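Asker: Based on these hints, arrange chains B and C on the given structure of chain A.
Here the protein sequences come in this chain order: A, B and C.
Reading the first sequence from the start, the letters are residues 1 to 325 in my numbering.
Reading the second sequence from the start, the letters are residues 1 to 282 in my numbering.
Reading the third sequence from the start, the letters are residues 1 to 436 in my numbering.
Calculated from the structure, these hints are not laboratory results.
All values derive from a computational prediction rather than experimental measurement.
Even for Gly, the Cβ is constructed at its ideal location relative to N, Cα and C.
List time: in silico BS3-like cross-link candidates among lysine-lysine, alpha-carbon distance up to 25 Å:
no., chain 1, residue 1, chain 2, residue 2
1, C, K151, C, K135
2, C, K230, A, K86
3, C, K232, A, K86
Cβ pair distances, simulated, as ranges:
no., chain 1, residue 1, chain 2, residue 2, range
4, B, L43, A, V109, 36 to 44 Å
5, A, D183, C, A51, 29 to 37 Å
6, C, A54, B, F102, 55 to 63 Å
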Amino acid sequence: MSAPTTTAPAAPPSPSGRRRGAAAAAPPRGRRRTPLLLLLPAAVVMIPLVAYPIYQLGLLSVLNFGQAQASGGVPTSFVGLGNYRKILSDGQFWSVLSQTLGFAAFCVVATLAVGATLAVLLTRVGRVPRLVLTTAAMAAWAAPAMTGSTVWSFLFDTNLGLVNKTLVGIGLDGFHEFNWFYDKWTAFLIVGAVVVWHSFPFVMVTLYAGIRAIPAEVLEAAALDGANTWTTFRRITAPMLRPILTIVVIQSVIWDFKVFTQIYVMTEGGGIAGQNLVLNVYAYQKAFASSQYGLGAAIGVIMLLVLVIPTVLYIRSLRRTGNEL
Amino acid sequence: MNARSRWRLGANTTALLVAVVTAFPIFWMVLSAFKPKGEVQSLDPRPWTAHPTLESFRQVLSVDGFGRYFVNSLVIALSVVVLSALVVFLAAVAVTRFRFRFRTTIMVMFLIAQMIPVEALTIPLFFMFRDAGRFAPGIGLNTLASLILVQLAFSLPFGIWMMRGFVAAVPVSIEEAAQIDGASRTRILWTVLLPLVAPGLAATSVFSFIAAWNDFVFAKTFIISATENQTLPSALLVFFKPDENDWGGIMAASTLMTVPVLIFFIAVQRKLVSGLAGAVKD
Amino acid sequence: MRIVRRTTAAAVLAATCLAAAACSPGTAVPAGEKAADDKSGTLQVWLYNEAGNAAKEAVVAKAVTEFQSAHQGVTVNVSYIDTDASARAAKMKGAFNDPSSAPDLVEFGNTDLPGYVAAGGLAEIGADLDKWADKGDLDPAIAKTAVLDGKTYGLPWWVGVRALYYRTDLFTEAGLAAPTSYDELVAATRKIHAAHSDTFGIAIGGKYTFGALPFVWDAGGDIAAKDGDKFKAAINSAASQTGVKRYTDLFDEAGCPAQQCADLTGGKTVDLFAAGKAAMAILPNSSRSKVDAGAAKDKYAVVPLPGAKAGSIAPAFAGGNNLGVMKAAKHRTLAVQFAQLLAGPGYQEQMYDAMGNLPTLKSVNAKVAAKDAFLKPFTDTIAAGTRFVPLDQAWAQIDAQAVIPTMLQQVVTGKADVAKASGDAATQITSAFAAR
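Chain A extracted, bound-state conformation (with noise of 0.2 Å):
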């Protein structure tokens, strides 16, 4: 993976301090090597469980392997491209992935905006409604996704669900009954509330704490010059939370491009006739449950590109307008 370096410097850094931070006074030759004493321990972590499994996964994606070819002394072939000509040509695997990305972008969005609204909204409210809803935030952020999928999995029951019924009981006769997961975007709806059940309290606690940390001089200063409550968001809020929604933003796409669980979990492995599948469940139906580890492989390979790709992108044009990582 060769991600963006041309801009290093080849040589090491100048004295001339082109950067901020502790590296700006010419680093003594000892120093040189602090950075990489300090890298030290992490890598002998990750270099054999990460880097040297993600090195094995692309193997993988070129071999037919599978529990045969694992354990049942079958030889193991070099099959080329033929695992990502599989999926590639498979009509459900671009479906999945529209949908995906869909689901990912609609989830994405509609955490962020629940916690950015809840956010501003704690820096309103008394003591006591603020301490509750972090309380209940903490609730649902610690809750596994497994038992908070399966807990909202009850509640929207057709027959022993309270929704259904406090529905019918509101006058709603509609609802008696009512199967949540028969319908593809009603089924989507009910698991994208759970994955933003589960994260909105991580962008609200992060963007509460980022808001609270702006000095309040300098907005006092502001509402003196008269800027009003956008302009204030607009002009300073706004960019001295940029790096912290950078991260914010960044790990959202992540996770909720990886969501599993609740999928599996809600809809039962991808609901009616695979109509909420999302790649990740795709990849464990299609290949992982009948031990197809090379399928898998490509397929996890193609779910890396789809995500490198855009980073890769955005590392650039941050890199453009003279931002850093």
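Answerer: Structure of chains B and C alone, referenced to chain A:
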């Protein structure tokens, strides 16, 4: 009542309403765990129960070795939290305080590492731990150490990304002052920088704790014959049978799985908010 | 141009690695046919952790005690493994990939057999079973489910077949007798639903593969047919389509409305019938206790599922579990002996009493049927001839990819007609067989 206080009242009410909606599924989970069996499966669900019972909890706690699995999960999660915090701290210092070749590449690698579907890596990891076990039985398959190591590895990329902001938020001048006072660089790292970024470490540890506590992908892959080394989630999976909705048992198991995480959250909550706030001052 | 250079370097490295065995993915060397055969020590056994497992554990514990007192110096260690499909698969794959973690004896679903054999996991035990006193007593159709390419890899422990449960009160009220043909079954759903609009004529599900297959088999169709030594998809044959249509036609207002039933599994249909929500259901005999715990208690009876021809019985799927000896077993002889004890007449009968699973030995079957009239429709169904899924590791893939449920659900929800849905299914089935 003037406009301002009316506004405030509206905001407070909204916050409380949102809190109720957010916490409701958790409340329902705990409530269903305390309901008698007949009432949970009832076609007429009620948001209270007149006959709370420990029946479902007793059923879950009667899983053979429950205590053992609970301790295993706790050992794994806490080890990962501590080790991950240390490694993340050092690596974050490296990528924020120093410029060196491949720095950006390394940061991108940390992102990429998070993009891989974990299921896809279990097979290569399985064979690696199996082979490692031949040389060092202590970290081979079927051991808690294998789970700690793999969870540690997968907690690092996100942790380093998060921690970067926290380290960057500490003014370089503080370190420089210490340096002028004659402190060695190692000393500065541990006695000056570490305490300053501790809240940030608390924030990142929340993530490593949750990931390690909730995992069952690796637990079910690596723990094959040593049943005594099972973790809680993989043991409680017994109750999640798609075909037999023993909702009482499922809810009690879910409650028992969620509570420790919640306790951990509440323990670090204060630090979490102030820690996250620190990251923004970059 | 550093990027180019580095990419080239990576490519060269990858190419070198492809050539060198050192970088290839890990594999496990399959244990030789001559597995280790210690006559003492600890015999490791994995059995399924099922609903109501305490009763099973009690029976197995008795067998363990008996076995240990007959074999001095032997300890039997039984672990009950999670039956959740993915957890179970992970466990078994682990045992295949790391032979040192493998147990000696395992219980496994009979449809898993071809995959496990291909994985090099199971030892051939045909010769051992030939010497077993009770071998002749095994039901031949069921014994066949443990045989692949002429070699025996398992000892059938129990079977479960499905039959038609129906509500006697509703049928009497409507003036109906138990259906003896598909047409009578359809008529019954109409008549009962007309009188009780809130009751489903029959509880079935879009994910209930083994509820649907009898209709396909009865119509003369199949999932795949053997063509020489290769399987060929047959789910889109005219006969199969007739069967699929018969099953999916039941998902109407009177039978089981699509909105409610399209996503049901077999297990969920038990709940519906037990709750008194449905007039009929296609359930195994082991569902009895669950039905008795619900509103339908004492208001139902069971008959074999009728075929299209009046008086015929639709062939049932012979689902069940085998006991198999792992290739990597360290106590091969002991494992076979313990399997023979568990699957022997004494413990088969006790297992029936504890779990309600049907015995695989004909003599025991006759015995339990005589003592329990409830079993008659099930033993009649077995006697009429049972069927099985293709004995090939492709089945694991067809099952994992939910090919049959997807086909049923497409028809039931009106996303596709029978011809299109079964055609799509046939394409996937064909590709699964071709995958190897």
